[in-house]
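Colleague: One-letter residues, chain by chain:
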Amino acid sequence: MKATVRNIINSSVAAFHSDGLQVFAVLDKNLKSKKHIVLSFDGVKHCSTQFLNAAIGKLYLKYSSKTIEEYLSYNLGIIPHLAEKIKEVKENALNAAEYDRLIERATL
Amino acid sequence: MEIFRLEDKITTEYSGHHQLSRFYHFGMGLPQGSEIQLDFTEAEWFDGNLCALLWAVAYVLKKNFGHLISTDEIEIKNRFDILFRNGFLRTGEVILDNRKSAVPIQDFDCSDKEGFCKYVNDELLSHRGMPALGKDLKDKIMEDLLEVFCNSQHHAGTSDPIFVGGQYYPKQRVLKFTMVDVGDGFLPRVNKATNGKIGSNLDAILWALQGNSTKLFFDKCPGGLGIKNMYKYCKENGGVLQIISNDGFWSSDLEGTIFEGGRVLKAPFIGITINLIFRKDL
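Going down the list, the protein sequences come from chains A and B. Note that this note's numbering has the first sequence beginning at 1397, numbered continuously upward. Note that this note's numbering has the second sequence beginning at 58, numbered continuously upward.
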């Protein structure tokens, strides 16, 4: 299955947290049912890490890296440095997940 | 009619912000629906980019207090024509920016991400005062500014517009760009997210600059990378980043001075103001 960011958010600028959550909902549904999905950035001109954090980073708080990498792949379109940014967002999310776990343990 | 006098130089530093936030407090102290004349006769200089902040102050004074703000057009035309050339003040006649030094003053609905991107691309990144940026660096600055715009939209807790504008100073070969939101500022969210550990506006700014984010706490979503990336760009390219949030005034060029860590504004304005100073010669 293919999910096109531009069609989901109805804009060529993927920027807001709320934009990211719309994409997250589509990806989450597919990962839950273990269906492979290609996330396409075709037609997107600008993309913020706020969007990526909500769309992709949030997945890493819910699923293992292994599951995400098995069922999610990307068509990066024309946005410069997007692969690099997704990598950064992933690392940031994994740190956040670890941070969250530490806080939970500390407050038990 | 009440008169507020601007004095000396209103520049993109602590003293300039102090004067404009004093204007805000002056307006707050007046009865609802007052008329205020903003008097420029004692002013020697006004940084054009700070029109974004002046507009934000005037907007809040009108919206929250119903004040009507006016100024002496002839005085300004004679001595501060930049306020016309950048579109902050308008008359019936068309005033061209013949020096090509202004980055137009505009307000953006906080949901107008497409309009904001177009403005940054057409008016800022293509401006003659910007450093010769490769496509990569241009893209990075665009993404970082978009990030700041998104943060304002997401965190400000308001649907008020975001005010932007810039000015190129050919003698100093620097371009100053200002973005203002009139929301809650950093502290309320940071204070909550840190269980009260961060208790001042300056500490909240420093916390955000380190790449920390309130997103995990409020939105169950990772955050960060926005303002931190902008700071990194400024550090690497001889630029300056200033962040003003309520009474906290932080500037990267204060590092190594007695004001490293920031200064406290005695009469704070609301929201967050970000000033970026680009050097034309990298």
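Keep in mind the hints are simulated off the structure, nothing from the lab. Among the hints, a few may not be true.
Under the rule of at most 25 angstroms between Cα atoms (straight-line distance), these lysine to any residue pairs were calculated in the SDA-like manner [said to hold, decoys possible]: (1) A:1481 to B:291; (2) A:1441 to B:194; (3) A:1441 to B:161.
Please read all numbers here as calculations on a predicted model, not as lab measurements.
Colleague: Against this structure, judge whether each hint is valid.
Modeller: Each hint tested on the structure:
no.	hint	result
1	A:1481 to B:291	holds, 19 angstroms
2	A:1441 to B:194	holds, 16 angstroms
3	A:1441 to B:161	holds, 23 angstroms
In summary, this structure violates none of the numbered hints.
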